[in-house]
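Student: Sequence:
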Amino acid sequence: MAPVRVTIQPAVLAWAVSRTGLSQSALLKQFPKIQEWEAGEERPTLKQAKGLAKKAHIPFGRLLLDVPTGDEVEVADFRTVRNEQLDTVSPELQEVMFASQTRLDWYVEYARDIGIDPPELFHTAKISESAAVAASSVRDVLRLTQETPLPGRDKVRELVSLMEDAGILVARNSIAENSTRRALNVEEFRGFTLEEDGYCLVFINTRDTKTAQLFSLALELAHVVLGKPGISDHSERLETEQWCNQFAAAFLCPGHSLRENSCPTSENSVTSCVGERFFETVLSAARSGVLPEKQAARFLGVSSYASYKELVPLPVQ
Numbered sequence: 001m002a003p004v005r006v007t008i009q010p011a012v013l014a015w016a017v018s019r020t021g022l023s024q025s026a027l028l029k030q031f032p033k034i035q036e037w038e039a040g041e042e043r044p045t046l047k048q049a050k051g052l053a054k055k056a057h058i059p060f061g062r063l064l065l066d067v068p069t070g071d072e073v074e075v076a077d078f079r080t081v082r083n084e085q086l087d088t089v090s091p092e093l094q095e096v097m098f099a100s101q102t103r104l105d106w107y108v109e110y111a112r113d114i115g116i117d118p119p120e121l122f123h124t125a126k127i128s129e130s131a132a133v134a135a136s137s138v139r140d141v142l143r144l145t146q147e148t149p150l151p152g153r154d155k156v157r158e159l160v161s162l163m164e165d166a167g168i169l170v171a172r173n174s175i176a177e178n179s180t181r182r183a184l185n186v187e188e189f190r191g192f193t194l195e196e197d198g199y200c201l202v203f204i205n206t207r208d209t210k211t212a213q214l215f216s217l218a219l220e221l222a223h224v225v226l227g228k229p230g231i232s233d234h235s236e237r238l239e240t241e242q243w244c245n246q247f248a249a250a251f252l253c254p255g256h257s258l259r260e261n262s263c264p265t266s267e268n269s270v271t272s273c274v275g276e277r278f279f280e281t282v283l284s285a286a287r288s289g290v291l292p293e294k295q296a297a298r299f300l301g302v303s304s305y306a307s308y309k310e311l312v313p314l315p316v317q
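Position 138 of the sequence shown, counting from 1, maps to 138 under my numbering, and the rest follow consecutively.
Take the hints with a grain of salt, since some may be wrong.
[Said to hold, decoys possible] Here are the simulated BS3-like cross-link-like pairs (lysine-lysine), alpha carbons at most 27 Å apart as the crow flies:
no., residue 1, residue 2
1, Lys-33, Lys-54
2, Lys-29, Lys-47
3, Lys-29, Lys-55
4, Lys-33, Lys-47
These are computed hints drawn from the structure, not numbers from a lab.
Start from the sequences, fold in the hints, and give me the full structure.
Tutor: Okay, structure coming up:
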């Protein structure tokens, strides 16, 4: 008996192939007839089509549609290594976002049923207002002293706990679908925030370094405070990111805890002023492109950008 063959539209086939993430050689090894399928010279068997769907991490039925569907990503603002806009996202990121949205949808319904209000921090600040003042207000709400950095040795865990106590859902992972073979790519994203009717979920990519995770948490907290989980246009994105960077730095290390009357001249003096963890966080963020170097110099209390370059030179590529 001849095998059952499946018709896959060219656009759907190309989309499914791109979702596999396989190189051309690996793709040919898995599907020796892939070039014939793409050229329309041959159709895949039912078994082969199911195999492609599995590799693409999609339900088999989506291969039978006329056009690719279901990959719309509603959150336009991601924390990436270079602060670049994402035109396409990986299957892993899509699944993490969809899973996070499903969890948030359930939580919103549950919270309403039992009378849990949205977090009071949501949309409590505006870009026209001072980021440092907003950070100070948030520290008050979280019952943090204004003179010192976050307490404890594990500052990521401490901030997660504070955010959760304030009613913000926080999820952290480094893989998709609990599969160690499907690592989340830090070059693609560091974190995102979802919001529904004032309820918020923050996701942090734990594939990143601890110091970068801390900065990402503070950035996402800034987005919650602004009420802006997604940014619609380029100019607004830049303005928002600048505000969020300022908020994160002010939140992680309150400005008046710095020694205002002296400018650090060595790495040791910098860390004594702002704390070793905050120094590492700012330096990591600057090296990876999350934080502009001139802002990093200001956050560390260095007298000038030139002094910053001499004090903490970026590693040679």
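Student: Hint check: Lys-33 vs Lys-47, CA-CA at most 27 Å. Holds or violated?
Tutor: holds (13 Å)
Student: Given the proposed pairing of Lys-29 with Lys-55, does the C-alpha separation stay at or below 27 Å?
Tutor: holds (13 Å)
Student: Run the distance test for Lys-29 versus Lys-47: straight-line Cα separation, threshold 27 Å.
Tutor: holds (16 Å)
Student: Between Lys-33 and Lys-54, is the straight-line Cα distance small enough, at 27 Å or below?
Tutor: Distance of about 17 Å is within 27 Å: holds.
Violated hints for the displayed structure: none, as all numbered hints are satisfied.
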